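Protein chains: 2
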Amino acid sequence: MSTEQTSRRASRVSPFIVMDVLRMAGEMAARGEDVIHMEVGQPFGPAADKAIAAAHAALDGDDLGYTEAKGIAPLRERIARHYEETYGVPVDPARIFVTTGSSGAFVLAFLAAFDAGDAVGLANPGYPAYRNIFHALNITPELIETGPESRWAPPIEAVRARLKAGMKGLLVASPANPTGVMLSADALRALIHETEAAGGWFISDEIYHGLSYGMAEHTALEFSSRAIVINSFSKYYGMTGWRVGWMIVPEPLVRAAEVLAQNMFINTPTISQHAAIAAFDATDELEARKAVYAKNRAFLTGALPKIGFADFAPVDGAFYIYCDVRAHTRDSYDFARRILRETRVAVTPGLDFDPGRGQHYVRFSFCGSHEDMRRAVARLGEWMRAQGHV
Amino acid sequence: MSTEQTSRRASRVSPFIVMDVLRMAGEMAARGEDVIHMEVGQPFGPAADKAIAAAHAALDGDDLGYTEAKGIAPLRERIARHYEETYGVPVDPARIFVTTGSSGAFVLAFLAAFDAGDAVGLANPGYPAYRNIFHALNITPELIETGPESRWAPPIEAVRARLKAGMKGLLVASPANPTGVMLSADALRALIHETEAAGGWFISDEIYHGLSYGMAEHTALEFSSRAIVINSFSKYYGMTGWRVGWMIVPEPLVRAAEVLAQNMFINTPTISQHAAIAAFDATDELEARKAVYAKNRAFLTGALPKIGFADFAPVDGAFYIYCDVRAHTRDSYDFARRILRETRVAVTPGLDFDPGRGQHYVRFSFCGSHEDMRRAVARLGEWMRAQGHV
Numbered sequence: 013m014s015t016e017q018t019s020r021r022a023s024r025v026s027p028f029i030v031m032d033v034l035r036m037a038g039e040m041a042a043r044g045e046d047v048i049h050m051e052v053g054q055p056f057g058p059a060a061d062k063a064i065a066a067a068h069a070a071l072d073g074d075d076l077g078y079t080e081a082k083g084i085a086p087l088r089e090r091i092a093r094h095y096e097e098t099y100g101v102p103v104d105p106a107r108i109f110v111t112t113g114s115s116g117a118f119v120l121a122f123l124a125a126f127d128a129g130d131a132v133g134l135a136n137p138g139y140p141a142y143r144n145i146f147h148a149l150n151i152t153p154e155l156i157e158t159g160p161e162s163r164w165a166p167p168i169e170a171v172r173a174r175l176k177a178g179m180k181g182l183l184v185a186s187p188a189n190p191t192g193v194m195l196s197a198d199a200l201r202a203l204i205h206e207t208e209a210a211g212g213w214f215i216s217d218e219i220y221h222g223l224s225y226g227m228a229e230h231t232a233l234e235f236s237s238r239a240i241v242i243n244s245f246s247k248y249y250g251m252t253g254w255r256v257g258w259m260i261v262p263e264p265l266v267r268a269a270e271v272l273a274q275n276m277f278i279n280t281p282t283i284s285q286h287a288a289i290a291a292f293d294a295t296d297e298l299e300a301r302k303a304v305y306a307k308n309r310a311f312l313t314g315a316l317p318k319i320g321f322a323d324f325a326p327v328d329g330a331f332y333i334y335c336d337v338r339a340h341t342r343d344s345y346d347f348a349r350r351i352l353r354e355t356r357v358a359v360t361p362g363l364d365f366d367p368g369r370g371q372h373y374v375r376f377s378f379c380g381s382h383e384d385m386r387r388a389v390a391r392l393g394e395w396m397r398a399q400g401h402v
Numbered sequence: 013m014s015t016e017q018t019s020r021r022a023s024r025v026s027p028f029i030v031m032d033v034l035r036m037a038g039e040m041a042a043r044g045e046d047v048i049h050m051e052v053g054q055p056f057g058p059a060a061d062k063a064i065a066a067a068h069a070a071l072d073g074d075d076l077g078y079t080e081a082k083g084i085a086p087l088r089e090r091i092a093r094h095y096e097e098t099y100g101v102p103v104d105p106a107r108i109f110v111t112t113g114s115s116g117a118f119v120l121a122f123l124a125a126f127d128a129g130d131a132v133g134l135a136n137p138g139y140p141a142y143r144n145i146f147h148a149l150n151i152t153p154e155l156i157e158t159g160p161e162s163r164w165a166p167p168i169e170a171v172r173a174r175l176k177a178g179m180k181g182l183l184v185a186s187p188a189n190p191t192g193v194m195l196s197a198d199a200l201r202a203l204i205h206e207t208e209a210a211g212g213w214f215i216s217d218e219i220y221h222g223l224s225y226g227m228a229e230h231t232a233l234e235f236s237s238r239a240i241v242i243n244s245f246s247k248y249y250g251m252t253g254w255r256v257g258w259m260i261v262p263e264p265l266v267r268a269a270e271v272l273a274q275n276m277f278i279n280t281p282t283i284s285q286h287a288a289i290a291a292f293d294a295t296d297e298l299e300a301r302k303a304v305y306a307k308n309r310a311f312l313t314g315a316l317p318k319i320g321f322a323d324f325a326p327v328d329g330a331f332y333i334y335c336d337v338r339a340h341t342r343d344s345y346d347f348a349r350r351i352l353r354e355t356r357v358a359v360t361p362g363l364d365f366d367p368g369r370g371q372h373y374v375r376f377s378f379c380g381s382h383e384d385m386r387r388a389v390a391r392l393g394e395w396m397r398a399q400g401h402v
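First to last, the protein sequences are chains P and D. So the first sequence is numbered by this note's numbering: it starts at 13 and just counts up by one. So the second sequence is numbered by this note's numbering: it starts at 13 and just counts up by one.
Don't read these hints as lab results, they were simulated from the structure. Hints may be right or wrong, so weigh each one.
[Claimed, not checked] The following label-pair restraints were derived from C-beta to C-beta distances:
no., chain 1, residue 1, chain 2, residue 2, range
1, P, R35, D, A65, 30 to 36 Å
2, D, D61, P, A106, 34 to 40 Å
3, P, A300, D, T152, 49 to 55 Å
4, P, E97, D, T152, 46 to 52 Å
5, P, G38, D, K176, 46 to 52 Å
6, D, Q399, P, G73, 37 to 43 Å
7, D, G129, P, E96, 44 to 50 Å
8, P, T152, D, G226, 48 to 54 Å
9, P, E354, D, D104, 46 to 52 Å
10, D, G129, P, D296, 52 to 58 Å
11, P, A177, D, A197, 55 to 61 Å
[What the hints assert, rightly or not] Some chain D residues well away from chain P (every beta-carbon gap over 12 Å; in silico):
no., residue
12, R93
13, A141
14, A228
15, E229
16, A273
17, A303
18, P317
19, I319
Just so you know, these numbers come straight off a predicted model, no measurement behind them. Note that CB positions come from ideal geometry on N, CA and C, so glycine has one too.
If we strip away everything but chain P, and leave its shape as in the complex, we get (with noise of 0.2 Å):
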């Protein structure tokens, strides 16, 4: 008996490289050693008080039987409000899809679109589980490079071409995960209508809407009642480990989509449905939040170019920064391992977002206190003058 016997699909699926550096960071916490985290976007504490308080009532209260697979009314009625008062787009709770996560949205929305064998784009670097996920459900990973030259945004030339040999659809995040780039009204509106005048689905991950610290943030469902939209209350809303997203299809997909989520899911966690809800409520505890990676975000892109992390990508939305070290390294996955042991701080290596070019860059995850990033900042400064770098 041999691992050859995995799926060549499964064999295609790369692991997360943050997934070492987290269990590194887990064995040095385990022998009491204090380890900041800037390696995984989790947010710092817990959900919204009001968001935990109906969940103890749901708890107390409801069966937390199956719902419906496409999500409880209540709460898909509450994401429709959310597009009207957010972009002023009215969407029908038809279209509305609770989901497992975002996770759980792109398994669906990717099933629905795309059969085995098309081929779909998306921006390299970007997140990791997109291009896995469609390794493992017989998709195309069409990887359109994306750097400093294009302000880390897919080449609308590069799209076109793309479509033109073949490409089914496109899938965008703005703010973006690793860089923290948003793309301007202009400049969505532009790959939406590029992509879906070639017949193309356009699926626009907006996970981190909610975390813009200055730039408009844009839904595609203002340029196009076809689009794919996909987010989560894992990040703005701080709800990780609760595994509950949403997504809106266009009309076409509604039904496919449905008895998917019927097959493979069944429902979206009933709990965490429930908790969803009261998470609208709760603006004041997630915008001093926030406020709190604001300020994250303001120290760090002061402090961090006088360690020698001087160059990154635009840091306009969610809470990373992107940082180009091939000053210091040509290894970024021994870059944050010499890191991690040597001062304590964990940081993502970029190869986990580019396995071409993430060799020179690093990721560096500003969802922690205040104070950890003060430390941090303390700890890979004196680092990087002992290493010689600055």
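Dock chain D against chain P, hints included.
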């Protein structure tokens, strides 16, 4: 724009007909009608008190952030202990995955073991999500006919012939849905050995374990360390909407399944994992619930034959009665709709479980309260007499 734009694989996934029944039942209930539910496998009442208490504690004491993709260590260790205590089988917790219901386990197991184009065997009738997830993942379902003549078990000769023709695996449930039939130890062992001798993967769906009414339960792990075992907290433990289950995979699949889980699910709902640990300590509550099912089973197997529902599969386990109704109808969907409309008792047409012969069957679920079962029989008996069926 047209629905032709959904993927071909999504269009092969069929909706659950029971969902139409559920929708009609819901509409009737919304009009104030008193509908009795015998259509879905939704155990009556909430989770065990101990599980709910653990969830309250987790809400107050844990940030409910991301967990390891495989699930929290205390739960995986508790599941390992369950195998030791219940079946006398030692299982390395490293092979145990906590999953987002058994649904999540199916997706991970199928992707880890099978490639697009592989043919995998399923008993017909069977749980419709098996074949629908197969269609979504481009796996070809090989339906193996079962019936009274094989005591509703896949005949070993048919399995052998399909394996010889290239079938890559076999999925079997005992107790089974919709029949409630269980396999003897010898029958289970023979199917496993036949499948594995041909190099195929044997997947054992043990979601109805704990709900046997006399026959001994056997896990596939008693007979093979290469079998894939799937289970859930939804049925015996009564935690459907919590979306928490587990799977045990052989060593060669562990890494592939872990990487798939990281990318496709991230983690199983954190609060549900904490509650699940406590559910193992709620034996008194869970056995009391099972005693209600046993009482329902005794009542229905006695009462149904007197009102024209005499020909059903042996009710060894689970909480279903799969009844041949060809004496009364040639269209089980129409029959179920009439019963619902005219008696306000919801039952599931067999078509969900068997696209062919299902026309002649309905499934009664008896996981509701005992009083509901008595009221349902009174209504059904009156209707069957009025129809001249008795």
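So, going through the hints one by one against the coordinates:
At roughly 32 Å, the beta-carbon separation of P:R35 and D:A65 lies within the given 30 to 36 Å, and the hint holds. Evaluation of the 34 to 40 Å hint for D:D61 and P:A106 yields a pass: the beta carbon distance comes to about 38 Å. Separated by about 53 Å at the C-beta atoms, P:A300 and D:T152 satisfy the suggested range of 49 to 55 Å. Taking 46 to 52 Å as the suggested C-beta distance range, the pair P:E97 and D:T152 conforms, at roughly 47 Å.
Our hint of 46 to 52 Å for P:G38 and D:K176 holds, since their Cβ atoms are close to 48 Å apart. For D:Q399 and P:G73, the hinted distance range of 37 to 43 Å is satisfied, since their beta carbons lie about 40 Å from each other. Under the hint 44 to 50 Å, the C-beta atoms of D:G129 and P:E96, about 45 Å apart, fit the expected range. For the pair P:T152 and D:G226, the beta carbons lie near 52 Å from each other, so the given range of 48 to 54 Å is met.
The given range of 46 to 52 Å is broken by P:E354 and D:D104, whose C-beta atoms sit roughly 34 Å from each other. Range check, D:G129 to P:D296: about 54 Å between beta-carbon atoms, so the 52 to 58 Å window is met. With their beta carbons about 57 Å apart, P:A177 and D:A197 fall inside the hinted range of 55 to 61 Å. At the 12 Å boundary, the C-beta of D:R93 stays outside the reach of chain P, the nearest C-beta of that chain being 22 Å off.
With a closest Cβ-Cβ approach of about 4 Å to chain P, D:A141 is found to fall inside the 12 Å limit, against its non-interface label. With a minimum CB-CB distance of about 29 Å to chain P, D:A228 clears the 12 Å threshold, and the non-interface call stands. D:E229, annotated as away from the interface, keeps every beta carbon of chain P farther than 12 Å; the closest lies near 24 Å. Here D:A273 does not stay apart from chain P, with its beta-carbon only about 10 Å from theirs, under the 12 Å limit.
With a cut of 12 Å on Cβ distances, D:A303 stays outside the contact zone with chain P, its closest approach being about 19 Å. The Cβ of D:P317 sits about 30 Å from the closest Cβ of chain P, beyond the 12 Å cut-off, so the non-interface label holds. No beta-carbon of chain P comes within 12 Å of the beta-carbon of D:I319; the shortest separation is about 28 Å.
The structure fails hints 9, 13, 16 (numbered hints given earlier, in ascending order).
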